[in-house]
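First to last, the protein sequences are chains A and B. Counting in the working numbering, the first sequence runs without a single skipped number right up to 113 at its last residue. Counting in the working numbering, the second sequence runs without a single skipped number right up to 224 at its last residue.
Everything labelled a hint here was simulated from the structure, so no lab data went into it. Quick reminder that beta carbons are idealized off the backbone N, C-alpha and C, glycines included. Mixed in with the good hints there might be a few duds.
[Unchecked claim] Stretch by stretch, here's where chain A covers chain B in the computed footprint (C-beta under 8 Å, at least three residues):
1. 134-147
2. 150-161
3. 185-195
4. 202-209
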Amino acid sequence: DAGVIQSPRHEVTEMGQEVTLRCKPISGHNSLFWYRQTMMRGLELLIYFNNNVPIDDSGMPEDRFSAKMPNASFSTLKIQPSEPRDSAVYFCASSFAGVTEAFFGQGTRLTVV
Amino acid sequence: KQEVTQIPAALSVPEGENLVLNCSFTDSAIYNLQWFRQDPGKGLTSLLLIQSSQREQTSGRLNASLDKSSGRSTLYIAASQPGDSATYLCAVSSNDYKLSFGAGTTVTVRA
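Turn these sequences into a full structure, and let the hints guide you.
This is the structure:
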């Protein structure tokens, strides 16, 4: 398996634009996590899914953020409209039911100017 | 709500010294605890996974212990090398599927 795959690796966008981050979890994993990492706040859990259903989205900072998991092999995190304070590295991770080892993607470095 | 704390926040040691990194968590209802390594500007790499029924796990120079009842885990790195310099994070998987992280310990091994 190629591991957790995130795209794009880097994204530079202007304030007010819509940004969509993508994640493909490891095949067979049914738990998927979206994290945001900044120097100031460290690693923050935004939302996580189990069997494609959002379990807890209390970490999503504002209504500008939304996440979907239409099937077991794909998830998106969307920011609309984006703001400079959204600049961070966004990580996706997957595991099996939170019981097995969790693996992370390489992250998407988002810069909003 | 699960709270994960890592002490110390930073650690600097000379090459060859053993490293001891601590992690504590508030809710003992966990599935497992996992240790990760993160190099600057990179993603998270899994080092060790300890299931809630286990007391310790070993991989090469790394050894991690788990005391679930007291909410503690310790990562030992024997005979440290400059290549061990990185940030080490612990994460706890709780019964609600949530994976909660500590803030990490940044390690510098001086040659």
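Quick rundown of the hints versus the structure:
no., hint, result
1, 134-147, "holds (count 3)"
2, 150-161, "holds (count 5)"
3, 185-195, "violated (count 0)"
4, 202-209, "holds (count 5)"
Consistency with the previously given hints fails for number 3 only.
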